[in-house]
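So in my numbering the end of the sequence shown lands on 210, straight run, no missing numbers.
Please note that a few of the clues may not be correct.
[As the list claims (entries may be wrong)] Computed spacing ranges between beta-carbons, pair by pair:
{"no.": "1", "residue 1": "Ala75", "residue 2": "Lys195", "range": "12 to 22 Å"}
{"no.": "2", "residue 1": "Val166", "residue 2": "Gly137", "range": "14 to 24 Å"}
{"no.": "3", "residue 1": "Thr209", "residue 2": "Arg160", "range": "35 to 45 Å"}
{"no.": "4", "residue 1": "Tyr163", "residue 2": "Asp119", "range": "34 to 44 Å"}
{"no.": "5", "residue 1": "Arg83", "residue 2": "Glu153", "range": "32 to 42 Å"}
{"no.": "6", "residue 1": "Lys203", "residue 2": "Asp158", "range": "16 to 26 Å"}
If you're looking for bench data, these hints aren't it; they were derived computationally from the structure. Here the structure is a predicted model, which means the values were calculated and not measured. Don't be surprised by glycine CBs; every beta carbon is placed ideally from N, CA and C.
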Amino acid sequence: MAAGASPAPDRADLRPENIQDAVIRLAGNSQDGIQTAGAFLARLAGRSEHDVMTYMTIPATISGGPSIFQVRIGSGEVLSAGDEADFLVAFYQHSYQDHIGFLREGGVLLYDSDNVEPNLDDKRFVYVGVPITGLTIEALGGTAKDKGKNIFVLGLIAKIFNLDAEKLKKLITE
């Protein structure tokens, strides 16, 4: 988008200079590294001089299960993790179905188009489909379809929200 340009009226305004407060919810399975990605995102936002508040659910079973990590970042004082998400990442169909109700009207659904088929007739949201699983396998090689998706998505979010990629690389290697 060109400098000074405005988004279409039916689109979410995700230009970093206009985001003073954003609630980002990652929804998937615990074995996908949802907590790791959320923790990295929170630390990255904090190191990028944002206030941060988090909320997470961890399944009670050892073998994993549905999980979320919600990060609220803001340029001012952040007093809660937020109720409605501005940005929802859905790794699976059940993630989409269970959490679309928490996405605010006009919010962005970033979904793994390899695993999720959202209801595109629902015009309350902005839909961004990315073949997360396929691109991760392509990047890593082999069949590690469930390994690395969290870091792939973390890179996407960092780019979208204009967070420092060098700080992210440092966090990952610490």
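Quick one: which hint numbers does this structure break? Sort them smallest to largest. 4, 6
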